[in-house]
Each structure stands twice: as C-alpha cells, then as structure tokens.
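Input sequences plus hints: build the corresponding full structure.
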Amino acid sequence: MAVPLNPPGETPPAEGSIGEAHEERPDGGVWEHPAVWMGLIVLGALLVAGFFVGRVFGLA
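Quick note on numbering: my numbering labels position 46 of the sequence shown as 47, and the sequence is numbered without any gaps.
Misleading hints may appear alongside valid ones.
Claimed, not checked - Okay, the calculated beta carbon distance ranges per label pair: (1) His34 <-> Arg56: 29 to 35 Å; (2) Arg26 <-> Val49: 35 to 41 Å; (3) Phe52 <-> Pro27: 38 to 44 Å; (4) Leu47 <-> His23: 37 to 43 Å; (5) Glu25 <-> Val57: 33 to 39 Å; (6) Val54 <-> Glu33: 42 to 48 Å.
Honestly, the hints are just simulated from the structure, not real lab data. Quick caveat: nothing in here was measured; it's all calculated off a predicted structure. Even for Gly, the Cβ is constructed at its ideal location relative to N, Cα and C.
Following this line, the structure appears as structure tokens:
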C-alpha cells in the first residue's frame, strides 16, 4: 500500500498553481464615483446654457 504524501485532513497542494490571495486595492476616494463629478459638470453646463437662453428671451 502507498504511503500518503499529505497527512489526513490536509489539502494537497495543487499542481502548477500560482494563485495567491489578492490584495485589496486602496479606496479610490472621490474618484470612486465619477457619476457625481459628471452630474456636477452637466448641472453647471445646464445653468450656463439656461442663462444664455434667458438672455435671448430677455428674462435675465
């Protein structure tokens, strides 16, 4: 009978496996949510456009 290479209850190493636990990436801060910045830019553009539309119709 063959002698087991690993003690009972231990998982044998995978052949050719190079995997390891991944490191968690650092928090992206304000760049993690680009939709917020895009929303502010669009809102600003609409306000400026609204000002000029108001000027055309004599409201501002």
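Consistency of the hints with the structure:
1. Between histidine 34 and arginine 56, the C-beta spacing of about 34 Å keeps the proposed range 29 to 35 Å intact.
2. Look at arginine 26 against valine 49: about 36 Å separates their beta carbons, and that is inside 35 to 41 Å.
3. Between phenylalanine 52 and proline 27 the Cβ separation comes to about 40 Å, which falls inside the hinted range of 38 to 44 Å.
4. With their beta carbons about 42 Å apart, leucine 47 and histidine 23 fall inside the hinted range of 37 to 43 Å.
5. At roughly 53 Å, the beta carbons of glutamate 25 and valine 57 sit outside the given window of 33 to 39 Å.
6. As the Cβ distance of valine 54 to glutamate 33 is approximately 35 Å, the hint placing it in 42 to 48 Å is violated.
Comparing the model with each numbered hint stated earlier shows that hints 5, 6 do not hold.
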